[in-house]
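Below, each chain spelled out in residue letters.
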Amino acid sequence: MAKRPTRKRKKKSRKKKVKTRKSTSRSSGWFAKIRQWPWGKAALVLLILFVGYTVYLDFVVRDQFEHNRWSLPAHVYSRPLEVYEGARLSPESLERELNILNYRYAFAPRDPGTFQRSGNEFVVATRKFRFWDTEEAERRIQIRFSGDIITSLKEADSGRDITLLRFDPVLIGGIYPSHREDRLLVKLDEVPPLLPKILVAVEDRKFHEHHGVNLMAIGRALIANIKAGKSVQGGSTITQQLVKNYFLTNERTLRRKFNEVIMSVLLELHYDKQEIMQAYINEVYLGQDVSRAIHGFGLASRFYFDKPLAQLDLNQLATLVALIRGPSFYHPERHPDRLKKRRDIILDVSHEQGVITKQELVAAKQLPLRVNKQRHSATTPHPAFMDLLRRQLREYYPDSMLSSEGLRIFTTLDPLVQRDAEKHVRQRVDSLDRQKQLDEQLQVAAIVTNVNSAEILALVSDRNTQFAGYNRALDASRPIGSLMKPVVYLSALRQPNKYNWLTQLNDTSIHLKDPSGDVWSPKNYDNISHGMVPMITALTQSYNQATVRLGLDVGFEKINETYLQLGGEKQLPAYPAILLGAVEMTPMQVAQMYQTFAANGFRSPLRSIREVLNANGEPLRRYPIKVQQAIDSQSVQLINSGLIQVVEAGTASSVRPRIAQDIILAGKTGTTDDLRDSWFAGFSGSHLGVVWMGTDDNQSTGLTGSSGALRLWGDIFRDLTLTGVQLEATDDLVVVPVNPGSGKLTSIECEGAVYLAFVQGTEPVESDSCTSGKIKEQIEDTVNWFKRLFR
Amino acid sequence: MKKLLLIVSGLLLTSCAVKQPGVVLPGEDPAKTIAPDRGTSSAVITLLDKARDATRAGDYQRAEVLLERTVRIEPRNASLWHYMAKLRLHQGRYDEAIGLSSKSNNLARGNSKLMADNWRIIAHARYQSGDRQGAEQAQDRARQLQAQ
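For the protein sequence lines, the chains are S and P, in the order given.
Heads up, the first sequence is in my numbering, so the first residue is 1 and it goes up one at a time.
Heads up, the second sequence is in my numbering, so the first residue is 792 and it goes up one at a time.
Honestly, I wouldn't trust all of these hints.
[Said to hold, decoys possible] The calculated lysine to aspartate or glutamate pairs, modelled on DMTMM-like cross-linking and capped at a C-alpha distance of 25 angstroms, are: (1) S:626 / P:844; (2) P:841 / S:168; (3) S:358 / S:348; (4) S:187 / S:203; (5) P:841 / S:618; (6) S:570 / P:886; (7) S:365 / S:337; (8) P:904 / S:632.
[To be verified] Now the stretches of chain S that chain P is said to cover, found in silico as 3 or more residues with beta-carbon under 8 angstroms: (9) 79-88; (10) 614-627.
[To be verified] Label-pair distances were calculated between CB atoms; the ranges are: (11) S:395 / P:923: 27 to 35 angstroms; (12) P:904 / S:134: 30 to 38 angstroms; (13) P:920 / S:134: 31 to 39 angstroms; (14) S:732 / P:928: 14 to 22 angstroms.
FYI, nobody ran anything at the bench for these hints, they're computed from the structure.
Here the structure is a predicted model, which is why all the values come from computation and not from measurement.
Every residue gets a Cβ at the ideal spot worked out from N, C-alpha and C, and that includes glycine.
Using the sequences and the accompanying hints, generate a full structural model.
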């Protein structure tokens with residue numbers, strides 16, 4: 001009651017203010033009257049302040065509501081799993097993928113997002129997903145496996161063959177604005193009509209009548225709260241709640257309440273009830289997913305029920321409405337009883353208000369909550385990959401756009417490979433760290449790419465794989481050690497008239513003076529000089545002295561050229577130590593360089609993104625496959641035939657028994673002075689992997705490339721579905737069995753026979769026929785191996 | 792671009808519409824274009840069908856996405872890289888067309904018809920990029936291969 005006169009006075013003064021515009025002559029009298037009035041001056045100042053403030057708030061309301069209603073985070077997806085008859089995939093991998101995608105096990109899969117497995121047969125009810133090129137519809141499918149190959153893919157109901165199908169991709173994260181709000185916008189006409197009715201019944205019965213504020217409700221709440229001695233009831237309208245969430249902070253001050261009331265009235269003045277209801281449905285806070293805040297019914301529906309909002313039933317709608325009061329207080333797992341009680345209240349009120357019938361009420365109340373308990377965090381943090389992604393995106397998109405425009409980013413990440421890599425990193429690094437007593441200082445970076453598409457499938461840059469910090473894969477520049485040797489040997493092999501695998505190199509001590517007069521005398525790892533050795537042995541055994549002599553003979557200029565063509569980013573300095581890898585590179589740069597070896601001389605920029613779509617699913621930018629012939633394939637096949645021998649019989653041979661024999665592998669170990677860095681870069685026909693281990697402060701790790709990085713590489717590669725390295729036949733290239741010891745052709749059954757590639761006419765002509773008398777026992781293995789090497 | 796198309800059509804093709812998967816550019820005779828390898832899987836053929844439809848409809852971006860999917864499924868199928876090269880040439884992305892043609896050649900294993908077509912793409916791309924001499928050399932390679 002006390003407020004009334006003030007309000008009247010305000011009204012009067014507003015009228016008078018209008019008049020002042022019309023007539024200045026009368027205004028002086030008006031002013032004078034007020035000024036004479038006790039407290040008149042103060043009232044006048046207050047009035048002017050109030051009007052000014054209201055104008056300001058009006059601007060805020062309209063500007064924010066009109067122009068940037070919500071900052072929509074970018075959503076980042078993994079590659080979609082593509083299945084077709086003949087696809088190489090194990091049933092276990094499919095089941096894991098379905099689990100990562102939160103498909104639920106069901107005896108009779110009907111609802112999208114459910115599946116059943118019996119042995120090698122799956123029935124899956126897939127989800128709908130809109131890709132750039134087409135939309136994948138919801139389907140019930142049946143997949144059969146034989147071993148690790150899909151042998152049949154059919155519609156489960158009709159039995160019709162399906163040629164290929166993409167599952168929905170895994171949401172691997174988002175790029176959020178600082179408040180980390182996430183939402184999936186819905187339009188009012190996509191919302192079940194029951195939802196706004198329940199909201200009105202429960203939250204704001206006079207919604208369609210009031211002008212933003214319901215004084216009766218406030219009064220009622222006030223009385224209830226006074227009676228209870230604490231805050232038990234809120235008198236806020238839906239409009240006020242929207243204003244509170246949308247424009248204001250959470251503080252409970254009088255000023256905020258004041259703003260809330262004014263802004264609610266202003267909002268109602270500018271926008272109709274439909275728009276306000278739609279905004280409320282999208283704004284309201286309904287839960288927390290680790291650090292991601294779930295806002296709006298659209299996203300909450302996916303989050304809690306794994307369904308689009310339009311498909312929710314009464315029970316589920318009432319459950320979501322129940323959460324409005326406090327998603328944490330009514331947490332479905334922590335406080336299921338509270339939530340159920342609250343849901344029942346929502347249902348009762350809905351019935352009282354005539355929104356639902358008695359039958360609907362009874363039926364819904366009998367139902368359990370049915371919140372999807374399997375809901376994991378929808379955002380799986382793969383921080384190293386996300387960091388790489390952000391960097392690649394920043395070339396075209398400012399941060400503000402990434403966190404506000406609702407972009408949909410389709411990446412190359414393979415969630416199965418990534419998770420396996422993470423698991424192996426944790427296990428292997430822990431065990432090596434303990435073994436070498438490194439006090440948890442041992443660090444790691446690992447990259448797995450697809451050889452043919454140059455897509456990055458997995459990226460790890462910390463032993464704590466969930467830790468988003470220093471990205472070693474991208475930022476740790478370390479000497480690459482013997483990973484440099486293939487560059488030196490390739491530079492030599494590019495001159496086939498001068499060098500081939502049987503060219504003898506001098507592996508004896510060497511002393512070189514640098515310009516400052518210091519003498520550099522590189523030693524071999526075993527501290528032994530081996531005298532004259534064929535080039536292939538110098539590579540497979542990673543002899544330093546022979547390599548330095550070869551490098552000096554080939555010349556820095558040629559080596560530098562090869563290095564840059566392979567993908568090296570900077571000119572190499574012309575000093576001998578670079579021949580043994582006194583060149584600093586990040587693991588990612590190494591991967592880029594070895595990608596060119598793996599792809600037979602074709603260089604492709606490594607990619608983490610396939611495409612970026614806007615919020616409406618329209619394409620903004622594609623990141624296409626690009627290939628460029630950087631080095632002639634023939635020379636690269638020469639070096640690759642040597643890198644195969646590194647794995648077959650050289651410094652990396654310890655990994656050979658760990659991976660199926662029919663998969664031909666190639667690679668090179670790298671170790672730096674005092675065992676500070678342990679490297680392995682290796683590839684199959686399908687995958688490339690680069691692993692680095694070391695400590696951030698450059699301590700000795702006690703690990704060679706072979707005893708450290710190679711082991712982790714083997715762990716990761718053992719889990720991949722690989723194809724072997726293959727050499728592409730050309731007219732000018734021959735692959736023949738030779739005996740590096742004698743430098744002669746030999747036959748495959750002879751002990752010590754090694755298959756190596758030669759430019760036609762440079763292979764040895766003389767042959768020796770197992771003079772040592774040793775004959776390999778399993779010739780068949782060797783013959784088959786050779787068949788696999790060449791198609 | 793029109794001139795380029797005429798050259799392309801003159802070399803590779805003429806008219807009419809036989810249903811053959813792969814990339815068939817406007818004005819091309821599908822019968823004279825490279826057919827997918829015999830071992831090509833039905834999954835890839837399905838995608839190639841869609842890529843052909845997209846190309847006909849002038850939706851090159853969609854065709855690009857579909858072709859990349861084929862390459863992910865059968866990375867060593869030389870004709871798929873050839874289709875991608877052809878599309879890039881048509882899109883005026885000459886460097887990429889050259890790279891993809893070379894990649895296709897690398898996998899072609901003596902398929903001289905395919906290699907000849909790849910060299911033609913390289914010839915056009917080089918010509919369009921102003922490398923006349925390189926274009927002629929590529930054209931010669933194409934002729935030699937065609938004669939085989």
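Assess, step by step, whether the Cα of residue 570 (chain S) is no farther than 25 angstroms from the Cα of residue 886 (chain P), and give holds or violated.
Status holds; Cα separation ~23 angstroms.
For the segment 79-88 of chain S, do three or more residues have a beta carbon lying closer than 8 angstroms to a beta carbon of chain P?
holds (count 5)
Are the Cα positions of residue 626 (chain S) and residue 844 (chain P) separated by 25 angstroms at most?
Roughly 23 angstroms separates the two Cα atoms, so the pair holds.
Does the alpha-carbon distance linking residue 841 (chain P) and residue 618 (chain S) stay inside the 25 angstroms limit?
holds, 19 angstroms
Pairwise hint evaluation, residue 632 (chain S) against residue 904 (chain P), where the allowed Cα distance is 25 angstroms at most:
holds, 21 angstroms
Could you tell me whether the CB distance from residue 732 (chain S) to residue 928 (chain P) stays inside 14 to 22 angstroms?
With Cβ atoms ~18 angstroms apart, the hint holds.
Coverage of the segment 614-627 of chain S by chain P (three or more Cβ within 8 angstroms)
holds (count 6)
Would you check the hint for residue 841 (chain P) and residue 168 (chain S), treating anything up to 25 angstroms between C-alpha atoms as holding?
Answer holds: residue 841 (chain P) to residue 168 (chain S) is near 20 angstroms, not above 25 angstroms.
Taking 25 angstroms as the top limit, are the C-alpha atoms of residue 358 (chain S) and residue 348 (chain S) close enough?
holds, 9 angstroms
If you draw a straight line from the CA of residue 365 (chain S) to the CA of residue 337 (chain S), is it 25 angstroms or shorter?
It holds: about 13 angstroms lies between the C-alpha atoms, which stays within 25 angstroms.
Residue 395 (chain S) versus residue 923 (chain P) beta-carbon gap, inside 27 to 35 angstroms or not
holds, 34 angstroms
Taken at face value, is the distance from the CA of residue 203 (chain S) to the CA of residue 187 (chain S) at most 25 angstroms?
holds, 20 angstroms
Comparing the model with each earlier hint shows no violations; every hint is respected.
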